[in-house]
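Engineer: In case you want the letters, here they are:
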Amino acid sequence: MRRLATDLASRWYTPLGLLVSRWLLWVAIVQSALYVGLNAMRQELWQFPAVLSMLLVGAALSLRALTMRPPTRPQPQRYLEATVGSLLLAIGAVWGLWAQGGTDDGVLLVDLWFLVPPLLTGIYALVNVNLHRSWFMAEHDRDRSEAGLTEVRTKAPRILQVLKQVLMVHLAVFALLPPMWVMLLSLTPGNGLNFVGPSEWTFEHYRFHLGGENFWLWLRNSVLVSVGTTLLGLFIAFPAAYGFSRYRFKGRNVGLFAFLVVQMFPGALILVPYFLVMKGFGLLDSWIGLMLAYTVTALPLCVWMMKGFFDSIPKELEEAAIVDGCNQLQIFTRIMFPLSLPAVAVTSLFSFLAAWNEFLLALTFLSSDTKYTLPIGVTAVATGQSPQWGDFAAISILVSIPVVLLFIVFQRYLVDGMTAGSVKG
Amino acid sequence: MPPSGVRWASVAVLLVLLLASVSAEAPVPLTSFEASGDFDATANNVIRVGFSTVDNASVYEMHYASANFSSLAERDANLLENGFAGFPDAWVRVTTQVGDPAEDNFRTSELMRCWWTDGTTPSFDLATVPQSSNWTEANYTSSDATWVYPDLEGTPQVPPTSTAIVCDLPGVARGQEVWFGITPADENGIKVSEGLFVVSAITLAESARPGDIDMTPIKLWLAGIAAAVMLSLVVLRQVTRRRRDKAGPVMVLPALLMLALLTFYPVGYGIYISFTDQTASNYGDAEWVGLDNYEALNSDQYDYDGDGDPGFWRAFQFTLIWTFGCVFFHVVLGLSFALLLESGLIGKTAWRTVLLVPWAVPGYISTLMWMGMLNRYGVVNELLGTSIDFLAVDGWAKTSVIFVNIWLGFSFMTMTLSGGLQAIPRNIYEAAEVDGVRGWDRFRHLTLPMLMPTLVPVSMLGMIWTFNLFSVIYLLTGGGPDRFYGEPGVTDILVTFVFDIAFGPNGGLYGLAAAWSVVILVMLIAFSTVYLKITKGGEALGD
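Line by line, the protein sequences give chains A and B.
With the working numbering applied, the first sequence covers 1 to 425.
With the working numbering applied, the second sequence covers 1001 to 1543.
If you are wondering where the hints come from, they were derived from the structure by calculation, not from laboratory data.
Heads up, the beta-carbon is just placed ideally off N, CA and C, and yes, glycines get one too.
Among the hints, erroneous ones may be present.
[Stated by the list, open to error] Here's a subset of chain A near chain B, in silico, CB distances under 7 Å, partners left out: (1) P178; (2) Q328; (3) A382.
Extracted from the complex, chain A is given alone in its bound form (with noise of 0.2 Å):
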């Protein structure tokens, strides 16, 4: 029996250089595509021909040979395809990097970036070679086979480990290279777009703003919508969140299926006549114009997030309040309120985001530049005829810093909220 199972294993072994080979292609098979693809951008496709097709054709030749199942025959055509493909690879590499070098631009971080993992999998394949060689020729070996296994138990998942964190670096600089770039304009001097190394940075972006008048004005006027909004979004949902969840009446149901309904409303196409009737109301051009329209977006939300809250909480308790004489608003201050605040939090959290940075409305709603809104103001900052970028990152800092916090520190909570509505449906 266990002589079978050894065996077998031997059979179905694959050792531990091969599988990392595998994965390195795999890699190296999506970064050539990929250089072919800035080649062409770069429009000098035409111009590494030879480079472009040997990284291709070497890393989709080695990856076919080392993908097959454990050779039970010798197989000396996958064995040399494998190895011509690790040779073109490592070649192609080379050679880019060189004739990349030659170009007016010379080699780029992008370049090393591209083609130093193609590079290192061809290497890492050549050095490998007897390992392969004795795979592909099934020459196979119990004891070693036995061993190997144990590797690839032990190590691979490892491996597997850095891999993923290599990964998981680049997906990082993906989604902080814009903000990156930012706080690095932050503060370089001057308002242009590249910016510069530490010994010349300066916080004159953050002094013109701090020190001057706009900064000051929107922010004010940012924090009394989004606090009055958050407010008044509260008072208006608390009570009928409660009344959806304690009680049944005559179109309920209609209206729960109201609140579900309006979520789905593509705020930017009522916007036209949104202008028109607040046109008609005399709310144009007023922080409470806006609070009301940011009111309204986040009620539907609110009310379903809290009744769901209520519905979880035991009438008991309320019960026994107004056998104690409490009438409904002692109910709400001393009961409800108290045992719903993490809801309430989340609820409140939430509209305070919304509309906080909620451009569109505040875009059409507003006229003068002493009404406007953070975003409003700070798109003034960095578009017109000459935008200047080095401002702009400075405010973009200051206004996205405290949002940032708060996200990183609610978001289990957000990402439910977000979707809480949409799931029930």
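Put chain B on the given structure of chain A with help from the hints.
Structural biologist: Below, chain B without anything else, positioned relative to chain A:
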């Protein structure tokens, strides 16, 4: 209080008089040339230019630039570097037969208006020119009727007897200093006067501002809200044991009222005005026009560039590409990253926080960041070693707006789906492990069906959000490139185009915009219904 523009009154300045080579005929200088940006507090984005005529001129060429220039060659170089200051150059034709649609090779700026006088001593009191009786408005003609914007005519024509001409040049951004140069030319296009006269002017932001708004309705609303709050507190106090049973509808009422007043009423009103000819100029007395607006959506009436395509289907097509393209990548990337996060990654919490950032940064700020990075001289080009104007070339502009939105949205999808993955019970995986189900099979037959309850609503929400996402395209490209005066540009989606119709530079067509909105609303409802039907079916199959 007088508009503060008066305080900032920009004085017209004669800047440069350049006499180049001296020809056989002595150059005839313009004796007077003035420009002003604050002649009228209601003038928006307009600069008024006045100049005296010269003999033998049959056309006056007016050149714009955003920086000073002393020759047309310098101006052109300037344009290449800095882009256009405002609208393209303009021409005024001098003809004996004013009003005749003469053979005309000039295309002048739309919305440009001119007045002429044949008084002996023309005065340039720019603020009163159109009102004063000495001045006559020019005729506007064009031989190329397809090009001309509806309601606007072509090149202004003035008679040879005129001694001075005043023109309103549109398309100037508020607060921006613009230089104008003028050269008179004869029939053959040869400059009559060698002089190129350049003046600068600024339309002041303040001059275009509306006055202080009426605070009364706002105070009334504030008082109303305060009263409502007090009233509801009082009502809640009154709800005691005996009246409690009937309190439900009362508590729900304020929320429903608000919803009715500020959502359902505007939607209904929008549907109503889509059947009227409501515009910004006839606000308040619109007439019922039936289905005219709906027919106009795809009619030649709005085919401004005369290519037989008013752009409805173009915008619709790109809306579909935009919506499905973005959401496809959101889901694919979000799912991959979520699987990666939940695959026993070390430092998961830290990585999760990093991937949260694109979602956490306010969307308009991210979009503006990318706008800077994708600039022709920006970081992206520098990193890649390319020199592509990502936001100004058709294909790249489309790719860029979609790419930026992918960056904006993948993060939320990752967070949501990784939450969904965590909700799948571990023991199911353990059972599958025992049965030897792993890899792709495990994903296809175990993870994906279990994830469906999260994936379906989230992807549908994503599609509705993306469909209606205004700020990304508005800020990145403004719907351009190739926005042809009222037609959708290359990257215009329906929502951004509706905004243009209603509030854009040539906008104010509220009825038409409302008709577009209704059409889009119907599409969205149809889409949501179909999508929910299909995916519900898929869910049942998956189980």
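Engineer: Each hint needs a verdict: does it hold in this structure or not?
Structural biologist: Right, here's what the structure says about each hint:
Residue-level restraint check for P178(A) holds (minimum Cβ-Cβ distance to chain B is 4 Å; threshold 7 Å). Taking 7 Å as the C-beta contact cut-off toward chain B, the hint placing Q328(A) at the interface holds, the least distance being around 4 Å. Hint status for A382(A): holds, given a least beta-carbon distance of 4 Å to chain B, under 7 Å.
Consistency with the previously given hints is maintained throughout, with no hint failing.
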